Amino acid sequence: MAGEFSLFDLASMQDKVEHLKALPWSKEDKLEAIKAKDYYAISWAALNGRLPILHYLLEEVGLSTEDKLKAVKAYGYIAIARAAQYSHLATIRYLLEEVGLSTEDKLKAVKAYGYIAIISAAENGHLAILRYLLEEVGLGTEDKLEAIKADDYYAIRNAAYNGHLETLRYLLEEVGLSTEDKREAIKADDYYAIRRAAAYQHRPIITYFLTFDPGLAYLESHDREYGKTYVYGFVAEQLEGLKRRKEGMVQITPVLVSTERA
Numbered sequence: 001m002a003g004e005f006s007l008f009d010l011a012s013m014q015d016k017v018e019h020l021k022a023l024p025w026s027k028e029d030k031l032e033a034i035k036a037k038d039y040y041a042i043s044w045a046a047l048n049g050r051l052p053i054l055h056y057l058l059e060e061v062g063l064s065t066e067d068k069l070k071a072v073k074a075y076g077y078i079a080i081a082r083a084a085q086y087s088h089l090a091t092i093r094y095l096l097e098e099v100g101l102s103t104e105d106k107l108k109a110v111k112a113y114g115y116i117a118i119i120s121a122a123e124n125g126h127l128a129i130l131r132y133l134l135e136e137v138g139l140g141t142e143d144k145l146e147a148i149k150a151d152d153y154y155a156i157r158n159a160a161y162n163g164h165l166e167t168l169r170y171l172l173e174e175v176g177l178s179t180e181d182k183r184e185a186i187k188a189d190d191y192y193a194i195r196r197a198a199a200y201q202h203r204p205i206i207t208y209f210l211t212f213d214p215g216l217a218y219l220e221s222h223d224r225e226y227g228k229t230y231v232y233g234f235v236a237e238q239l240e241g242l243k244r245r246k247e248g249m250v251q252i253t254p255v256l257v258s259t260e261r262a
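Counting from 1, one number per residue, gives the positions in the sequence shown under the numbering used here.
Bear in mind the hints are in silico, worked out from the structure with no lab data behind them. Check before you lean on any hint, since a few could be wrong.
[As the list claims (entries may be wrong)] Between beta-carbon pairs, the in silico distance windows are:
1) 29 with 98: 22 to 28 Å
2) 97 with 166: 36 to 42 Å
3) 189 with 220: 40 to 46 Å
[To be verified] In silico lysine-lysine, DSS-like type, Cα no more than 25 Å apart, as pairs:
4) 187 with 246
5) 35 with 16
6) 149 with 106
7) 182 with 144
8) 182 with 243
9) 243 with 187
10) 37 with 70
The structure displayed is predicted, hence computed values, not measured ones. Backbone N, C-alpha and C define an ideal beta-carbon position, used for all residues, glycine too.
My request is simple: use the sequences and hints to build the entire structure.
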């Protein structure tokens, strides 16, 4: 059997349960294959988002409750982290909610390896998964902030690096960062988020950072690199907007005066 485990692993990566069911193996052999290499087949099924495969491996072959929990916890909850990295929300929900993890286990899964599941979701722009992990699993306010601040605001820096504007907005505006935290996030690693976003020409990201004082200050101070490309147009647009607002106020004032006289 040992030489055939790779066949079982390969079948687990596919989305065809019938391939696994068709293997002419005994129940004992299948259980041995599932447990091989610390439940390798299950982690690969999770990485590929093969929910029917996971159902089969965890529920139909005959794993004990203890073995199911071992499978989900293997390698520091790597199955959940991989599912988050590749945007498999249904898979994450299944692993966290339906296999039997305790509340404490769920929190451990999200916090594993320095919140790697959250960080992976953020840097890949998987906003739905990010919201689920931060809002629905049971993290406290301090835990959420710890996750966002982990590794010098890695989640924010790499969401910007990869051009994920909505993810970046969510992390900066909706998780509970203070004004000072936001400043620190933008400044982290010598303004890494801005530098990398600019290097990859993520204009919406740079425009968003320009709405923050430290972002505007940094980009203005590097006029040669960013002035013409990003700053001048943004400042001109802001001045034009201010001008329109002032003109609107001038038009309103005579109306108010004439009304008072009447």
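Hint by hint, here is what the structure shows:
1. Between residue 29 and residue 98 the C-beta distance comes to about 26 Å, which sits within the given range of 22 to 28 Å.
2. Distance hint for residue 97 and residue 166: a CB-CB separation of about 25 Å, inconsistent with the stated range 36 to 42 Å.
3. Separation of residue 189 from residue 220 is about 20 Å and departs from the stated range, judged on CB atoms against 40 to 46 Å.
4. A threshold of 25 Å between alpha carbons decides the hint, and for residue 187 with residue 246 the separation of about 33 Å lies outside it, so the pair is violated.
5. For the proposed pair residue 35 and residue 16, the alpha carbon gap of about 20 Å is at most 25 Å, so the pair holds.
6. For a cut-off of 25 Å, the pair hint linking residue 149 to residue 106 stands: about 20 Å separates their Cα positions.
7. For the hint pairing residue 182 with residue 144, the CA-to-CA distance comes to about 14 Å; that is within 25 Å, so the pair holds.
8. Annotation: proposed proximity of residue 182 to residue 243 is violated, straight-line Cα distance about 29 Å (limit 25 Å).
9. Simply put, residue 243 and residue 187 have alpha-carbon atoms about 31 Å apart, too far for the 25 Å limit, and the pair is violated.
10. As the CA atoms of residue 37 and residue 70 are separated by approximately 12 Å, the hinted pair is consistent with the 25 Å bound.
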